Amino acid sequence: MLYQMYSSKMYGVCLRYSENADDANDILQEGFIKVYKNINKFRSEGSFEGWIRRIFINTSIEHFRKKIKFNNISEIHENTIEDESIDVFNSLSAKDIIKAIDQLSPGYKTVFNMHVIEGYSHKEIADILDITEGTSKSQLARAKGILKKILATSISNSKK
Amino acid sequence: MPTFQDKLYHYEVTPPEEAWDNIADKLYNEEAIELYKHGKPRLLFYGVAAAASIIILFLVSLFFNNPPSGNDHNLSISKDSIIQNKQILNSIINNPEEKKEIVSNNFDLGKTLKKYLTVTGPSGQPVKISPKVATLILYADNEYPPKPIWSDKICKWQEIMLNTTVPPTSANLLDMIMAASKNNIE
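Sequences listed follow chains L and S, in order. Take the first sequence: its position 135, counted from the start at 1, is 134 in numbering that gives the first Met the number 0, and no numbers get skipped. Take the second sequence: its position 111, counted from the start at 1, is 110 in numbering that gives the first Met the number 0, and no numbers get skipped.
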């Protein structure tokens, strides 16, 4: 059964994009209804899981579109923000990383998920979210910076 | 060691048990609404088509079960019309002035009763004819010799009709004209 096969994976996607479990449940339901209603539109051009995943990502974005507010960052500022490395996350469990990501604002979280986890390019993100590529890049850089700070705080707290 | 991207990409959490129930409920309800939305116009279409078919069948059956002639009602009308025709014909015959008026095309439009005569057809059906023909009917009885003016008119009409390409039928009287012309030749 389709639901049994993909519900856990897609619920993971929903949790990554949403602010709480209730929102994730709503997105899960909405997403699976779309999948069942549009299953005849799947053209075997890519993987079926990839197709389903895109539906859930788009549903999440639609769900939070009103909430997502991208900070107005000037082009000069965008170019000066360094894309910080967050490879230190590799040593953490998925649950801990999710906890850290949850502290990001919806705008940062969406861009971070789309670019770092799903692998969308900044051009694709800009088209989907109706923003400029520069905004997408700056949002990502800021998200990474915030995550690094969150991580540093949590490490220092654990040491205490 | 997997990267954090891989960990998050494949991150799986079992959704709450009621999630599927809600999805199934919504899918069932939406499917029912879709069926209703699509079903309603179809039902209306089939209903209109059925009603139209019934009306057409009713009209067709009405037409074939009630031919224009052949029932008792029409026969009774035809009997009445025969009596009426006889009365009218008698009035024309017994009134030479009126006969003269009819033959010379000077009939009085105010006398509506005499504008048309209803005679009985071969199948008993009532047939409306011009009162001018009444004179010809009288002459057909051989009691009154035909006037030369009428003989000329009929001869001309026969010639015209015989020269047409219309096939002879009882409706256009050509069959009678053909038969009469053959008799004249013999």
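Hints were generated in silico from the structure; no laboratory data involved. Please read all numbers here as calculations on a predicted model, not as lab measurements. Beta carbons: idealized from backbone N, C-alpha and C, even for Gly. Take these hints with a grain of salt, some might be off.
Stated by the list, open to error - To spell it out: a stretch of chain L is covered by chain S in this simulated footprint if at least three of its residues, at any positions, have a beta carbon under 8 Å from a beta carbon of chain S; those stretches are:
| hint | segment |
| --- | --- |
| 1 | 3 to 11 |
| 2 | 27 to 40 |
| 3 | 86 to 94 |
| 4 | 138 to 144 |
How the hints compare with the structure:
1. 3 to 11: holds (count 5)
2. 27 to 40: It holds, with 6 qualifying residues against the three required.
3. 86 to 94: holds (count 6)
4. 138 to 144: violated (count 0)
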